[in-house]
Structure formats: structure tokens, C-alpha cells
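A.B. asks: Please construct the entire structure, taking both the sequences and the accompanying hints into account.
Listed below, chain by chain, are the residues.
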Amino acid sequence: MTRARATVAALALASGLSIAQGADDVRVTASVLPRGAISETTQVRLVITIEGNSIPEVSSPRLPAMTNLTIAGGPQTSRSSSYAFENGRVSASSSLILTYFLTPKAPGTAEIPPFDVTVGGTTYRTQALHFQIAAGRSGPAPPGGRAPAVPGADEDEGAEGADLADVFLQSRLSATSVWSGQALMLEVTLYAATPVSAFAWTDVPSLPGLWAEEIPVDLERERQIVTMNGRQYAAYPVARKTLVPTGAGALSIEPYSAQIQVRRATRDPFGAFFSLGRFATLTRKTNRLKLDVKPLPEVGRPPEFSGAVGSYKMNVTADRASVNAGDAVAVRATVEGTGSLQAVGPPKLAVPPDVKIYEPKLVEESSGGPQRLGSRKTWEWVVVPLAPGTLRLASPAFAYFDPAAGSYRELRDDLAEIAVLRGAATPDLGIARGEIQTTAKDIAFLKALRGSLRTSTPPIQRTGWFVTLAVLPLVLMPAGILLGRRRERYLSDHGFARARRAARKAARRLDRAAAMAGQSSTAFHEEVAGALVDYVADRANRSAAGLTYDQLDEVLATKGVAPDLRRRYRACLESCDFARYVPDAGRPAARTDLVTEARAIVRALEDVA
Amino acid sequence: MNRTALSAFGLIAVLCATAARADSAEAAFEQACHAYDQGKWDEAAEGFRGVLRYGFEDPRLEYNLANSEYKRGRMGEAILHYERAHRMAPSDPDIVANLALARSRIRDVIEDPDAAGALAGWRRIQDRIGMTAQAVIALAGFWGLAGIVTWCASRRGGFTPAWGWALCAVLVATILATTSWHATWTRLQGTPRAVVLHPSAEALAGPGLNNTSQFTVHEGTTVEIRAERPGWLQVSLPNGATGWIPSDAAGRI
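Taken in sequence, the protein lines are chains A and B.
Residues 392 to 1000 in the working numbering are what the first sequence lists, from first letter to last.
Residues 86 to 338 in the working numbering are what the second sequence lists, from first letter to last.
Hints should not be assumed to be uniformly reliable.
Said to hold, decoys possible - Mimicking DSSO-like on lysine-lysine, the simulated pairs with C-alpha atoms at most 30 Å apart in a straight line are:
1. B/125 <-> A/832
2. A/838 <-> A/896
3. B/125 <-> A/838
4. A/496 <-> A/704
5. B/156 <-> A/632
6. B/156 <-> A/832
7. B/156 <-> B/125
Stated by the list, open to error - If the Cβ cut is set under 10 Å, some of the chain A residues that face chain B in the computed set are:
8. 857
9. 870
10. 874
What the hints contain is simulated information worked out from the structure, not anything from laboratory work.
Nothing here was measured: the structure is a model prediction, and the numbers come from that model.
Each residue gets a CB set at the ideal place from its N, CA and C atoms; glycine is no exception.
C.D. replies: Put into C-alpha cells, the structure is as follows:
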């Protein structure tokens, strides 16, 4: 499938060139630049050139795994066309150049295996490329005389490589031996004797054992011209950091590395006049730095010491000279000087009696300054005097370690007295300002056993009393409605009420009569007769007064009472009347029979009407 | 005579046994608390578990057992017993807080769409009132309704506007109380739930190992039980995902 018909010349191989030619006059060439010696700091370019009368669509080639090389970027593409007049005919040719940027891994042999390039559906295979990588050089300018040819420089430009060697990176610490916590400066400077057009970091090391703060740099403003070994260099501060050792011991700062694009000087007078020239990309590394960090002495360490190492001064102020009791005064302490205050806590402020002091708050923090190692911090306390009088606050104490003297020092500043007046408001002693911070979260504690342990209980809806109470209204409601309506009728219908009560009333009177059976005959018979007459009057809702036998009989007839019962009723009444007027007529036994007969008559009437 | 004596003897024996059981259970409870105080979490957990075997259903017992399991780092068991305690005493703030803390320590985070906003606030109110109180309120409302209907129906004037409004108010209150009580019951007791006890459990599409794995639940996740088969539980998550897990991988709340 592959139509590679590569024709590779021995010369091309020797110079790191491989050529593959197709039948349709398309030529695919792979080469490595620079052509001269290559060091481990050189950026290698793999250039794939596709030439032909016309170049159809080209697929981006997939580069193979390479020996001792990694791909740093690419491909960059460029196209060109040319026309030739030959024997009156015009012939056109085009070229497409794909450039990959490769980075050597280590000194030794590098190899780019053959790989395929597809042009217009036809695959062309390149030849393998081999070349040697020499050890590179990093570090400062050469010690004397003119800078020698640097292996790390691009030397594909022949003799002009010497100019390119005058580009190097240098890292420098402001001190090589410091105390733990003492701030120092790390600067990385790019020295270039030729114009620099681009700069990019390729490796920025981590800094274990060091707290680092980046300090911004301005390449143009801070650029300096320095003369070293009789040669002028432009010095660019490309990185600057404040470092603070967090422990003690020997530390190592690994090299920084960067790619620098410089304009190569040309000896062509026309090129020089028109500032023409070619660009070269260089890789440069700094040297490895050593730092010795001494531990802070334990002897003489004041209790107020919180880690400040350097040289400082402190200023303490209050925002007012007099205050009402219960009102707040802001006390500020500003510590500034040379050294890092990044991890330093506030000074200690003693709390006098009758004064409430809240936790200090950091209100300002800055670093830098002319020496770039300066720093400043301001803390504020809210002080609330609780009683009138004179508030004398002891100055906050700030302790630090002075690296120059190798000993600890303590700062105090006088604080003016504050007059505390008797204010109108009562000081609020119970309310603390500031939020309570939860430091940790854990489960709530066990529950104690108060009372006995509970056994399983059925849910309320399954208990008998609940079910009964839920059903009961359904039963009680109809009954309640009936009773209510009856009561309403009793209250509103007098005749109905009389009729409903007639039997009970008659029964009560007959009971009373029975109780009087052994006593007065008149009273007994009057009671029996009254019970019978009142019963009928109540049932008919008529007045009992003046009712004759005939009228009573008529009423009973109206109610549908049978004649026999009416006769019994009349006979009973007549017996009572007779006995009332003939007191000795009724014997006790006859009286009992009379009451029994009267009760039977009432019951019979109750059943009828 | 002999039968009466035997009955009395039996009753006394039962009472004595019950009292002895309560005494020994409470002693075991205190002993487990003491072990917990001394940081002997394993011993405390076993002690509380032993008290549970007496048949008690006490939220304090479940809560203390959950605390012991939490300290042992067994979040699944801890959440299971916190859930049981919460079911019995939903308004207890310690149980609610510890359950939330234990849930924050498990791997699965499953958002309950109903557990936020006004509904969450309403649930807190329901828990604070309690199921029994809601039932009593509903019952009182029912009695009130019956009383008003009876009174108005037995009067000559019938339902006056004032009594009509009163009836509507009591009716609405009764419906609300009954609905709330039912919802609380369904939430806490009515829906069978379980807590995953294994470090992880594959939820399969069906009750058998030959089914496709749908998702994985991890220890401490609370799931609803939708169905059961021998050895398998069909569970669902608040987000609607459903699958079958081995029944020994979860503990029923």
C-alpha cells in the first residue's frame, strides 16, 4: 500500500537528511537542525519538507517514538512557491515545510525512526535519522576572556555560534547561610550579548523546605547593561522570589531552565544594515544553588516570640483618648521591618481588670519595599473598658530574632492613658463580638437512662381506646341528634311535653296515693282521682279544672279509646268520688285494688293513645 | 381453690421475671455506658446490642448503640441505629445531629429532592409535634366536627352562618392534622427502608447474579425497600434509581 520509493543518498544520511520521492514528482524530505554539534540544551528541529509541482492535501504525520528525544512542540507550517522559465516554458514548484521542536533528554545517541507522511493519499516513508548529543553547559558567564563556544548554544550557524554562547541564565541567592525563618532573595537573571526576542520557562523547580513568594519583575524597566570580562551584556531579571526557610539544614535549589529566542548577528553588510538576520532558539539552565539554614537558638527565646526573624520596629496607637464605659476603643499595633512576617502572630496584649479585650484582627499586611525583603503587619484589638476611670494598657510585646546579632530582641511601645467616662449606656457584658468558630465536629454524647427502658408499644392508631374514640362519634351523633330534637320539641311544644310526661306524672301520683292507703280515705281517693283526671287532661293538653265525667269520656272517645276501657276509667273515678264523700266506704284492701286498677287503666290508655 | 392459687403464683412469677429482666437490662445498659466512657467502643457496642436482645425498643438504646458503632468507624451500623432511634424519637436534636454527621462521613451523596426548602421545614414541625400528638389532634378535630354537626342538626335553627364557618374551620384543621399525621407515619414508619452495611453493594437489574449491574451503593446509604425476594431486596434511591441488592448487604430500619 505504501508507495514509498525512497531514494536516500549517503550524503543526505550523513548530514541527517532523508529523502523519499514519489512517482508524481512529490519529494518528501526529513532533516534535523541544527546541522552542527547538538548539545543537551539545544532545541532540535525536525524539518519535514514536501516539494513538488503542486502539493495536494497533506495529513499531519504521526511521529514515532524517538530515542533520547521528546517532542516539545509543533508542527509549524510554511509554504512557498517558485516559478522557473526554461526554454520559453514556465514551470512552477511548491514546497510545504513542517517543523517539529524536539528536546534532547541526555547526552548520547539520538534516533528518529522512519515515519510515514501522507501526501494526497500517497504515503511516503522517510529514512531513520541519527545524530549525537553532547553534554550541555549551564551557569554564569565564562570566567575570563571571551566566552568560549558554549556546547549549549545552537551551533548550526557555524562560526556565529560563539555569539549565541553569550546568552546564559544565572541564579543568585542574597545569602548562602541564613537562620531558620530568615527571609532571603532569589534572583534569576538572563544575560544576553545578543538581542533577545522571546523567553519562556521550560523548568521551574519546586522549593522544598522553603516558603516562597513571587515578586513581580519588569523586564524593560529593570534591564541593565553590565560588562563582564570586557563584553557588554543586557541583564534581565527574569524571576525574583522571597524565600523563607521553614526548617533547618542544608537545602538545594535545582536549576531553572528556559528557552530563549535570540536574533543571530549576520556578517552580511546588507543584512546588518537592514537589521536582517535569523532567529535562533536556545535552551539555558541555571546552576544548582546550595543554602545552609541554621536552627534558631533555644536559649533566650522569649515567650512572646512567634517566629519573626529579621529587624523590626513597632508602633502602638489607640484611636481615641477618652471613651465612655462600655464603648469600644481600637488599639492598633504595627510591626514593620526587614524580614518575613507572613507566619508571624500578633503581639501579646495583657488584659487589665475591668476591661474586655477581643481577639486581635489582622487589618493590614504588605511586603516588599525598596529592599524587597521588607514587610509590615497591623493588628487591631477592640478594647472595651467596663468601669469609669483611667485605662492604662500595657504595651503589646513583640519578640523577634535578630540574625545580625544572633539573639532575640523584644519590642514594646508606650501607649497613652485613656480616660474612661461614665457613659449613659450600661456596658453589655454578656455579648461577645465575633463569630464562634467550630474547631471540630463530633457526635453528641450518650443518652443517660432516666426511667426504665421502653418496650415495644403499638402505634396509637392500633390501640383500643383510640379506635373506640374514633368510632364513638359515629354512634353518638345520630343519638345526639334525636335527643336534641326531642328536647327542642319539649321546650317548644307544651302539649307534647304534657302528653309525654302524663304517664310518669300519673304514676308518681298513684305511688303517692298507694303510700297514703292506710291513712285518710279522702286524701287517698282525691290523689287517685287527680292522677286519672290529670293524666287525661295532660294527654289532651287541656285544663283539668272543671272536666266532667262526660267531657272526660268524650276526650277518651276522641283519642280512640275502647268503650270498655272508658267504662273502667269512669267506674274508677266514680269509686273515688263515692269514697271521698263516704269516708268509711273504702277498706284498705279495696284501696290497694283501686290503685292497681288505676295503674292498669293508665297503662292501657298509654298503649292506646 | 387450687386453680386460683396456681393463677396467682403464675402472675407473681411473670411479674418477678419482668422486673428481673428490667433490672438486668438496665444494669447492662449502665455497664455499656461505662465502657463507652472509657473509650472501649467495641465493648460498649456489644453491651448495648445485648440490651436490645431483651426486646426493648427505646430510642436511647438505639442512639447509644449508634454512637458506639460510629466510634468504631462502622458508619453503616451507626446510621442504621440512628435511623431506628430517629424513627422512635424524630424530634430529638441529638439524634438528628448525629445522623447528619454520620451521613456526611459516607461515600454516597444522594440528594433527596424533598429534603430542602419549605417541605424540610414542615417535616421538622411534624417531627417536633410527634405522631401521637398529631393523631390526638386529628381525633379531637373529628370529635369537634361530630359535636358541631350534632348540635346544629338537633337545633330548630339548624346551621347558622357562624356555626357553618366554625364547621369549615374545624373540618380544614382536621383534614390538615389527619394528612400530616398520615404523611409523618408514612415517612417514618410506613415506608420500609434499609441501610447498606457492606462496604459496597452492586444494585442489579434483577434478583440474581446474572443480571446487569445498574449502580453501586456504599456503606451507610439509606434506601427504600420496594420489593423482596428470598435473599434479595429491591431498593430505590431518592433520585429514582432502582436495583436489587443481596438482603444481607443491608439492615432493615
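A.B. asks: For every hint, state whether the structure bears it out.
C.D. replies: Hints, verified against the model:
1. Using a Cα cut-off of 30 Å, the hinted pair residue 125 of chain B and residue 832 of chain A holds, with the two alpha carbons roughly 20 Å apart.
2. At roughly 70 Å between alpha-carbon atoms, residue 838 of chain A and residue 896 of chain A are farther apart than 30 Å, so this suggested pair is violated.
3. Simply put, residue 125 of chain B and residue 838 of chain A have alpha-carbon atoms about 17 Å apart, close enough for the 30 Å limit, and the pair holds.
4. With a C-alpha separation of about 51 Å, the suggested pair residue 496 of chain A and residue 704 of chain A falls outside the 30 Å cut-off, and the hint is violated.
5. The hinted pair formed by residue 156 of chain B and residue 632 of chain A fails the criterion: a straight-line CA distance of about 47 Å is larger than 30 Å.
6. At roughly 13 Å between alpha-carbon atoms, residue 156 of chain B and residue 832 of chain A fall within 30 Å of each other, so this suggested pair holds.
7. With a C-alpha separation of about 9 Å, the suggested pair residue 156 of chain B and residue 125 of chain B falls inside the 30 Å cut-off, and the hint holds.
8. The interface hint given for residue 857 of chain A holds, since its Cβ lies 7 Å from the closest Cβ of chain B, which is under the 10 Å cut-off.
9. Given the 10 Å rule on beta carbons, the hint for residue 870 of chain A holds: about 9 Å separates it from the nearest Cβ of chain B.
10. With a cut of 10 Å, the hint placing residue 874 of chain A at the interface with chain B holds, because the nearest CB-to-CB distance is about 7 Å.
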